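J.: All chains, full assembly: derive it from the sequences and hints.
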Amino acid sequence: MLEIASEDTSAEVERIIDDISRGASRLTYDLHFMRESALSLQGVLHNVESTSKASLAADTNAALDKLHFLDNVKRNMEATREVLREAESWSTLESDVTSLLGEKNYEKAAERLSEASKSMVVFENTPEYDNRRTLMVSLQNQLEAALSSALVAAVNSQDVAVCRNYFSIFANIQRESEFRNYYYGSRRAPLVELWQNARLRDCDAGLGGESPTSTFSSFLSSFYASFLSLLQSERTSIPAIFPDPQPTLSALITSTLSAFQPTFSQRLTMLSTYYGPSALPQLISAFRATEEFAVATDKILEKIGYSAVFHPSLTGEGDQVPSQRPNIRRRSSARMSMSMSMSRRIGSHRSSISGVGALPPVVALLEWDQELFEPFADFQADYTGLESRLLDDALNVALQTEPRASVDRARILRERAVDVFGAAEEAVTRCLAFTHGYGAAGLVQAVDHLLSAFAEATKVEVVSRRGAQVVGSLATSASGDLSDLDYTAEDWSDIQSLLHLLEAVRTLLDRTAVFEAKLRSSLVQISATFRLARNDPTELYISGTTRGEVQLLTQSSLNSAELHDLLNKVDPEPPAQPQSRGDGYLAPTPPSRIPAALHTRFPYPMPHPPQHLHYY
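Here the sequence shown is numbered in UniProt numbering, starting from 1 and rising by one per residue.
Derived from the structure by calculation, the hints contain no laboratory data. Careful: at least some of the hints might be erroneous.
To be verified - No more than 30 Å apart at the CA atoms, straight line, and that leaves these computed lysine-lysine pairs for DSSO-like: (1) 118 <-> 104; (2) 518 <-> 459; (3) 118 <-> 74.
Unchecked claim - If you anchor each label on the Cβ, the simulated ranges turn out as follows: (4) 164 <-> 222: 30 to 38 Å; (5) 94 <-> 378: 52 to 60 Å; (6) 83 <-> 193: 49 to 57 Å; (7) 561 <-> 17: 58 to 66 Å; (8) 145 <-> 95: 17 to 25 Å; (9) 164 <-> 138: 21 to 29 Å; (10) 193 <-> 232: 45 to 53 Å; (11) 80 <-> 35: 57 to 65 Å; (12) 33 <-> 60: 35 to 43 Å; (13) 83 <-> 111: 15 to 23 Å; (14) 262 <-> 525: 21 to 29 Å; (15) 232 <-> 80: 53 to 61 Å.
Bear in mind the structure is a predicted one, so any value in this text is a computation, not a measurement. Glycine included, every Cβ here is placed at the ideal spot set by N, Cα and C.
T.: Encoded structure:
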């Protein structure tokens, strides 16, 4: 069959070569013909062009040029007339606006100010510019002052129609940010008061006032429930008032979080100080409550995005916010670059009587959750220290149990092992809950320190007790009859106790192997998630949290080279290599080893560990 196919292929190649040879001469003729035709066409076009130029009279060209000049003069004169008409209206601007404010005709006053502001460009670089701008700001302040109390009352009563009308007025006088300040301040006031008046046993224990009764974790759950209730109500109100409901709701969340006194970070610091070495579980409890709130809030933001598309009040052309606004982003982290923090000062330079710095009209949708999780960033970065202190405390508690007799040594060792390995397994859960795997390197260090300290403490205790028994036995033998060297009942009891202790040590070895397998499995899952993120960073998603929190973790010191080296050792990335069909499926995968971080030394020789484990 192969010879037949080879002959067929050879015949086909020969046929193709013959066809090419026969067509080569024809191709040369075709190219020559195309060149001659192109040259002929070029000559014809030159003749047509010269004929058309000669047919145009000089008088016609002059007339067309004159008409073009007159048309430009007409357009410029019309534009000048409109500008002068607007400039002329400045002479009556103050009296007109004052009269309209006295009549409480705020819409007309806003329209009058909006028309006057359009002509401000006429007076630029003139001596009158500063005076007219001062007058404009003064009249805008008067209108804002006249509306402020009514606006706050409308926001508190959730009168959507009135708030929508006031928003249009503030937008007309370029005070949209001030309207948002009033709105955010009024809506967040109950939550800020609830936060400020809370007296917590583990956060505010030295601040005086009422005797604290509740803990921070319990308060945080109820507080987030109130926060979600507010956001649910705003899901229907904000789309009816603002043209950009998603950024508006995001800005409401960030403004509320930034208004807390004491701040979220301060309360977390006081919480950590109060609990000392046991602070990590309390921090994780608060972190989980915050994640649940963030996930629920993210769903509300997604829903409000759909309502913005179909809401009837947002279809009018006159209600659209100008798109050419400066995109000023609010600073959500103390670790942001100076260029981002300086960008807050760019944009509006007018004064405001609201007394609050103008918030940006647009806030990036990811900023609200970064603001929410930012207080936990420092504690997440210090995860290794928090976990180590907690495990040291657990080890000290486990070692406090003292055996009452020599026969209790093996049982006490097993009981201590239950506590120690239980703490190590809980550490894995805490690492995933608090850092979503980014603290894996610190986890391995903390667990390694725990097991090493446990092994060393056990070794010291067993050696010291055995030494005391040997000294007592030698003293008894020296004072007694040396003719009878048979083992006594006490000697046999000691031997049996040591055998039980060796059995307990063997059990510890098996339990260490099981724990290493569990730890390796967790690290492999973390490595798989991070590998997907490296291949497509935009699709990084961790269940139970938001993208803003994941972004903070990726930018933190936890996302270090040490972490990725650890994950590469546990789950090395397979090399990219070409392979024939079927070879990749038949080749065995080499076993990956967990790094030898959980090295333990027990006081007695032990059998070799299983081959899938690795020790120093």
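J.: Which of the stated hints cannot be reconciled with the structure, identified by number in ascending sequence?
T.: Violated hints (numbers, rising): 10, 14; every other hint is consistent with the structure.
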